[in-house]
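K.L.:
Residue numbers (our numbering), protein chains in the order written: chain A, 985 to 1059; chain B, 985 to 1059; chain C, 985 to 1059; chain D, 985 to 1059; chain E, 985 to 1059; chain F, 985 to 1059; chain G, 985 to 1059.
Take these hints with a grain of salt, some might be off.
Simulated pairs of lysine to aspartate or glutamate, DMTMM-like, Cα-Cα distance not exceeding 25 Å [stated by the list, open to error]: (1) B:K1016 with A:E1057; (2) E:K1014 with G:E1027; (3) E:K1016 with G:D1030; (4) B:K1038 with C:E995; (5) A:K1038 with D:E1031; (6) A:K1038 with B:D1030; (7) E:K1039 with G:E995; (8) G:K1014 with F:D1030; (9) E:K1039 with G:E1027.
Since the hints were derived computationally from the structure, they do not count as laboratory data.
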Amino acid sequence: MSDAAQRLLSENLGSVVLVKLRGNKLLRGKLKSFDQHLNIVLEDADEISSNETKKLGTVIIRGENVILVSPAEKG
Amino acid sequence: MSDAAQRLLSENLGSVVLVKLRGNKLLRGKLKSFDQHLNIVLEDADEISSNETKKLGTVIIRGENVILVSPAEKG
Amino acid sequence: MSDAAQRLLSENLGSVVLVKLRGNKLLRGKLKSFDQHLNIVLEDADEISSNETKKLGTVIIRGENVILVSPAEKG
Amino acid sequence: MSDAAQRLLSENLGSVVLVKLRGNKLLRGKLKSFDQHLNIVLEDADEISSNETKKLGTVIIRGENVILVSPAEKG
Amino acid sequence: MSDAAQRLLSENLGSVVLVKLRGNKLLRGKLKSFDQHLNIVLEDADEISSNETKKLGTVIIRGENVILVSPAEKG
Amino acid sequence: MSDAAQRLLSENLGSVVLVKLRGNKLLRGKLKSFDQHLNIVLEDADEISSNETKKLGTVIIRGENVILVSPAEKG
Amino acid sequence: MSDAAQRLLSENLGSVVLVKLRGNKLLRGKLKSFDQHLNIVLEDADEISSNETKKLGTVIIRGENVILVSPAEKG
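Chain A with its partners taken away, still in its complex shape (with noise of 0.2 Å):
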């Protein structure tokens, strides 16, 4: 990860992120903790498809599987 990227995930420790992974899946989380591979571990997330919101709780989430990582937007 570049310093941005590290910079950017830090600022947003405790906050609301998505996370778009492979095959089309959409978490979204308080974040919890990362390391420099996007091994993620999210809070309170929830898996977002269309049509529902599934409550998963806390993740671990494997960076080999994520596509992005996007602050949620503070409104």
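Go by the hints and put chains B, C, D, E, F and G onto chain A.
P.N.:
Just chains B, C, D, E, F and G, lined up with the frame of chain A:
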């Protein structure tokens, strides 16, 4: 894995976790062991699909196929 | 592999295991050997699909294709 | 990355680029940072598909999913 | 490869083996050589599909595509 | 890359090449630079599909997605 | 590559070989060079599909996409 991910899994040794695998497979079982590549051993594991649950017993899961791991909510 | 995974496989040398491979393939056979990459040798192996069982005899399985290994329940 | 690739990306820091990802996804945004694995941070990013544009804001893209990067034509 | 896998292949040098590749391809031929990545050379190889057998002659197979290797039963 | 591959690409710097990518994509453009992983920079690149040609301008292609590179025939 | 694979390819330098790629692509051309990753340069290459043959000229093939290489039968 980040320290937080490792701690989270360690805290859930002996507890029920959900493991989502590539190819839309979902397993649920008691977390017996794991390593830093997310190779996982589950006991009393079930494979859960939309219309059935298949008993698998003890399973050794290759980390490379793991998308995410999530501690089952404790009711 | 975690120590627990290694121990579990060692205990099942000579016993029947199920091996799930990518591409929805399922093999069942006597575990002859394995290494830390989950490269596996099965004896008297069958390939099991929903509507038939095909005898394969001895097979050398490339670990990279293994999703999970599960000791067959001992009745 | 070749020196030419690196130079090209450096020259486009702060400018709008197109990023094509596996799975036929196309993003457009301001190039904030990149590293040699093509891990990329975009600002004001949109996901563009044939029939709609979705605002994503800031995104961290995992290089492994990048197919190509192209500076947007300056009109 | 485990020692058992290596021994098994060594014993079958010059004998007919089946090689299953990703993408549901099946080859049968005389095992000429192999290395520890399961790169394989077959002689007098055929590609076998459900409705035809195609002669390939000598083939060099890239190990990364190999799912399993199985000595053909000796009648 | 073999020396012959490297020499061939070097001879074609500044000339038009075809680049076939995974997912049946075909690009054509002037070869600006390359490295030993087949990371490639093309200028004046077009994406060619069976029924249209889309102008992309300058593109940085991630080598991992390249299937083959071919110098365009010089008429 | 095993020594036998390397010897086989060396013996076929300048001769016509078939190269099967992932995604069911088949190329035929004169083997100009190769390296130990099966990166290959073919001259006078054709892409062969069930209903047509397309002239490609000289091609540099990325080894990672190669499934198998087979010397064309000498008539």
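K.L.:
State for each hint whether it applies.
P.N.:
Going through the hints against the structure:
For the suggested pair B:K1016 and A:E1057, the alpha carbons sit about 39 Å apart, so the restraint of at most 25 Å is broken. Distance hint between E:K1014 and G:E1027 is unfulfilled; the C-alpha atoms sit about 29 Å from each other, more than 25 Å. Distance restraint check for E:K1016 and G:D1030: the Cα-Cα separation of roughly 28 Å exceeds the 25 Å cut-off, and the hinted pair is therefore not satisfied. The suggested pairing of B:K1038 with C:E995 holds, with an alpha-carbon distance near 24 Å, which does not exceed 25 Å.
Distance hint between A:K1038 and D:E1031 is fulfilled; the C-alpha atoms sit about 23 Å from each other, no more than 25 Å. Between A:K1038 and B:D1030 the alpha-carbon distance is near 20 Å, which keeps this suggested pair within the 25 Å criterion. Among the hinted pairs, E:K1039 with G:E995 is consistent with the structure: their alpha-carbon atoms are about 21 Å apart, no more than 25 Å. With a C-alpha separation of about 28 Å, the suggested pair G:K1014 and F:D1030 falls outside the 25 Å cut-off, and the hint is violated.
Distance check on the hinted pair: E:K1039 and G:E1027 sit about 24 Å apart at the alpha-carbon level, within 25 Å; holds.
The structure fails hints 1, 2, 3, 8 (numbered hints given earlier, in ascending order).
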